[in-house]
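Can you build the whole structure from these sequences, using the hints too?
What follows is each chain in one-letter form.
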Amino acid sequence: MALLRRLPVWVVYLLGALPAPYLFYLGLTGGLGVEPIEALEHEYGLIALQCLIAGLAITPLRRHLGVNLLKFRRALGLLAFLYLVLHLAVWAVLDVQMLSAVWADILKRPYITVGMAGFLLLLPLALTSNNLSVRRLGPRWRRLHRLVYPAVLLGALHFVMLRKGLQIEPLLYFAAVAGLLALRIPVRAGAREGRRGRAPQS
Amino acid sequence: MAGRWTNTLTRADVTPERLYLNRRQIIAGLAAGAAFGGGTQARAQEALEPNSWEEITSYNNYYEFGTGKDDPARLAGQLTTEPWSIEIDGLVERPGTYALSDILPQMTLEERIYRFRCVEAWSMVVPWQGFELADLLDLAGVAPEASHVAFETLLRPEEMPGVARPVLDWPYVEGLRLDEARHPLTLMATGIYNRPIPNQNGAPIRLVVPWKYGFKSIKSVVRITLTDSEPPTSWNKANAREYGFYSNVNPEVDHPRWSQATEREIGGGLFSKRKPTLMFNGYEEEVASLYAGMDLTENF
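Top to bottom, those sequences are chains A and B. Residue numbering for the first sequence is 1 to 202, as defined by my numbering. Residue numbering for the second sequence is 203 to 502, as defined by my numbering.
16 Å max Cα-Cα, derived EDC-like pairs, lysine to aspartate or glutamate:
1) B:LYS439 - B:ASP371
2) A:LYS164 - B:ASP371
3) B:LYS475 - A:ASP95
4) B:LYS477 - B:GLU322
5) A:LYS164 - B:GLU444
What follows is a set of in silico ranges between Cβ atoms, one per label pair, in the way DEER data are often shown:
6) A:ALA126 - B:SER254: 34 to 44 Å
7) A:THR128 - B:ALA440: 40 to 50 Å
8) A:LEU183 - B:ALA366: 23 to 33 Å
9) B:ASP371 - A:LEU132: 54 to 64 Å
10) A:ILE106 - B:GLY471: 24 to 34 Å
11) B:ASN396 - A:LEU7: 54 to 64 Å
A short, non-exhaustive set of chain B residues, derived as facing chain A with CB atoms under 8 Å:
12) TRP460
13) PHE473
14) SER474
Derived from the structure by calculation, the hints contain no laboratory data. Quick caveat: nothing in here was measured; it's all calculated off a predicted structure. Every residue, glycine too, gets a C-beta built ideally from N, C-alpha and C.
Take a look at the structure:
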């Protein structure tokens, strides 16, 4: 773990971004099977969800296991956003192919509405994932970035809803997200009390 | 009863060895018009370009082996398909266990190149070999009071890892109205590209109903029961709002979660264009009369 912490953040960005062009190359050359559009769309979406879950795990790891990987959290968040943008682009451009149909799908198909809502929640977070924004927004930055909780929940729900029948894989992802969020409930309640306790001093 | 529907393509045109030839020219040279319904109607079937063997056998939905598209090709190899028999029971004159080896010599095997449209909005063209279901039903003798046909897939947990999970209520069951079952297009397939049907595609014998979504074409059939009422069907039991008993391909009736107006042909690569889905999957002339007067939005 100490070794992991010594890893420079740029390495995480690099390794994290590499699958994007590699998967596209595989899709072009038959490496993703005979239906590469669906495969690429799913791969990008799944990596995004995995990055988001890894990001959600950072705080519980520190609080409960004393492992501090905080310096990688922004990279994980931005990588998740990158893969979501790619996921959306493959869906809209290669899969649905018509702008009118893209719009109709967002409004008409609950699983797409849910996924798109999650993406929109993450948009301001991606835009403020830089030191300048952290400084400028101050305490509001923290509050704003709590939007990641509903966003990941919507993402996991989107995954559960899009499969035919109730399948085990999306349910496991959903359980992981729910578990990581549940870990925060008592801790956050405690933190709130703590703040209230401190309030008169400030 | 056999031979009530033919393609304009001949078997020679779909063998993989000849795929590199200019198919359009071959087709143009073929006499148009195929016998249908006793030869009274001549119709020119549009030329269909079958998908490759690899496409047909590597991208499958066969949830008994897992829900991934590649799970069946990876895991169905262990399925024992010999010996195989079909239990034919219910409202039939000669109920019993029919060995496949006894059935086949009595049937007329034909080539049928059909469009295959999955409810998930992808499609293929498959060169099946098989016989008309009507001939098998006649072998057992359908009782006059029968109105529907129920089908059941093999359930063998030791060879089917997917059934360990309750994705569906196993065994997989399907059903047709008797007139749908007896329709000339309704096939019991035993081969693809003149080779025995691979396990992942529903070996050794499966139903093919080309104007319905793929899940109606039940695989690895072990039981056929004639009934006097609409039999339960697996996907309808799992989610009645999304999957109706009829499940006819219909571009105007969307799946609650996605549009059925267009489809993507497998094999077109990363930049494959969607194409419009055809009413009854392009078999409207042949089957529309089966549903005359029915509200297809209601009976989806």
